[in-house]
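A.B. asks: Please dock the two separately framed chains into a single complex, following the hints provided.
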Amino acid sequence: KAGVTQTPRYLIKTRGQQVTLSCSPISGHRSVSWYQQTPGQGLQFLFEYFSETQRNKGNFPGRFSGRQFSNSRSEMNVSTLELGDSALYLCASSSWGETYGYTFGSGTRLTVV
Amino acid sequence: AQTVTQSQPEMSVQEAETVTLSCTYDTSESDYYLFWYKQPPSRQMILVIRQEAYKQQNATENRFSVNFQKAAKSFSLKISDSQLGDAAMYFCAYRKSSGDKLTFGTGTRLAVRP
Chain E
76 KAGVTQTPRY LIKTRGQQVT LSCSPISGHR SVSWYQQTPG QGLQFLFEYF SETQRNKGNF
136 PGRFSGRQFS NSRSEMNVST LELGDSALYL CASSSWGETY GYTFGSGTRL TVV
Chain W
595 AQTVTQSQPE MSVQEAETVT LSCTYDTSES DYYLFWYKQP PSRQMILVIR QEAYKQQNAT
655 ENRFSVNFQK AAKSFSLKIS DSQLGDAAMY FCAYRKSSGD KLTFGTGTRL AVRP
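If you're matching them up, the sequences are chains E and W in order.
Each residue of the first sequence is one higher than the last, beginning at 76 in the working numbering.
Each residue of the second sequence is one higher than the last, beginning at 595 in the working numbering.
Be aware that one or more of the hints could be misleading.
If the Cβ cut is set under 10 angstroms, some of the chain E residues that face chain W in the computed set are [to be verified]:
1. R84
2. Q112
3. Q119
4. N131
5. Y177
6. G180
7. S181
8. R184
Where chain E lies over chain W, by a calculated footprint (3+ residues, C-beta under 8 angstroms) [said to hold, decoys possible]:
9. 637-644
10. 694-707
Quick caveat, the hints were computed from the structure, so don't treat them as lab data.
From the three backbone atoms N, C-alpha and C, an ideal C-beta is built for every residue, glycine too.
So that you can see chain W by itself, here it is in the shape it has in the complex (with noise of 0.2 angstroms):
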């Protein structure tokens, strides 16, 4: 069965410094798609940014942007120049294939010190 891992509970940052959130995953398929969702305490899940497990180009959404390291299954967020707006909860998730359910990680709760 696939995991996905967040092994940062909760991250802190200095408004318009920059951080990293940490996401590894376990599968044993070779395509799939990988996902950063945000949740603010609005409580809806928005989706921030995607990567397909068959570009090797790291995908990148305006201040957003993935480490995807698909050997050693990583899939990191960093988040540039960051605002108060973007204080969330931010979950990892994995898809195996187009359809599929989506698997989530037990996310990041990240704070905004201006």
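Isolated chain E, as found in the complex (with noise of 0.2 angstroms):
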């Protein structure tokens, strides 16, 4: 079985663009969750989404935006990027209701100069 797929694995912006990630999930799995990761703010809930829905929403700014499509399959997308965005963004996936937890992904690291 395949696990959480992130691409790409590194990324290297310029202030002021856009970005866009992607995941995809464990095979049948319908619930993708993102979070960022910074030796500052440590890891911190972005958005998740089920059935191409959002359900969840963490605290940050209408910058940061995501969606899923019909297969799962996920992309979150960061516009007007800041030198503060630079983090490692984790993607994970579980089945809704699931109680044994999520599966993450490796992450993109994206690095804003």
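C.D. replies: Written out as structure tokens, the structure reads:
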């Protein structure tokens, strides 16, 4: 069973640009969550999607958005990048209601210069 | 709001010895889930062990076990017979209910001395 796949692994962008990150969940998983990991703020929840609908949203500005497609793949977009957006972005998938926990991908390391 | 606290930024253990990582949390919920995740240099968060709050029995997964004290809101992880591959960041996480977001602690970096 393939794991959670995130692409790209690394990304370097310039301030003011926008970026799109992709996440393919485990086959059969319909819930996808996104987390931002930084040395200063730790792991913070961005949003969660289930069956193409956003179920939960964290405290991030509107520059951070996401979507989920009918095949459960998800993308997150960050517009007007700031230096502080440099982080590891982790995607996790689960079956809705599953109590076992989320399965994470290896993340996308975004560097904003 | 729920909070998770890991008071040990770094820990070190001799190979084959036992180490305990601490975690406390704050919640007003009675039903919730607790997790320990491991993050090696490869960056992927790997689920180590989970505990349902309604279960009094402490969870165990091979060399990993927890000491869950619901009244004290404490959830420590014990690693027995430590191995070099156990070296990683360990995160304690809380989830209010199934399908809800994970709230993470700040992590404990575990070093294993050969």
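A.B. asks: Could you run down the list of hints and mark each one as holding or not?
C.D. replies: Each hint, compared with the structure:
{"no.": "1", "hint": "R84", "in the structure": "9 angstroms, holds"}
{"no.": "2", "hint": "Q112", "in the structure": "9 angstroms, holds"}
{"no.": "3", "hint": "Q119", "in the structure": "8 angstroms, holds"}
{"no.": "4", "hint": "N131", "in the structure": "5 angstroms, holds"}
{"no.": "5", "hint": "Y177", "in the structure": "7 angstroms, holds"}
{"no.": "6", "hint": "G180", "in the structure": "7 angstroms, holds"}
{"no.": "7", "hint": "S181", "in the structure": "4 angstroms, holds"}
{"no.": "8", "hint": "R184", "in the structure": "8 angstroms, holds"}
{"no.": "9", "hint": "637-644", "in the structure": "holds (count 6)"}
{"no.": "10", "hint": "694-707", "in the structure": "holds (count 8)"}
Checked against the numbered hints listed earlier, the structure breaks none of them; every hint is satisfied.
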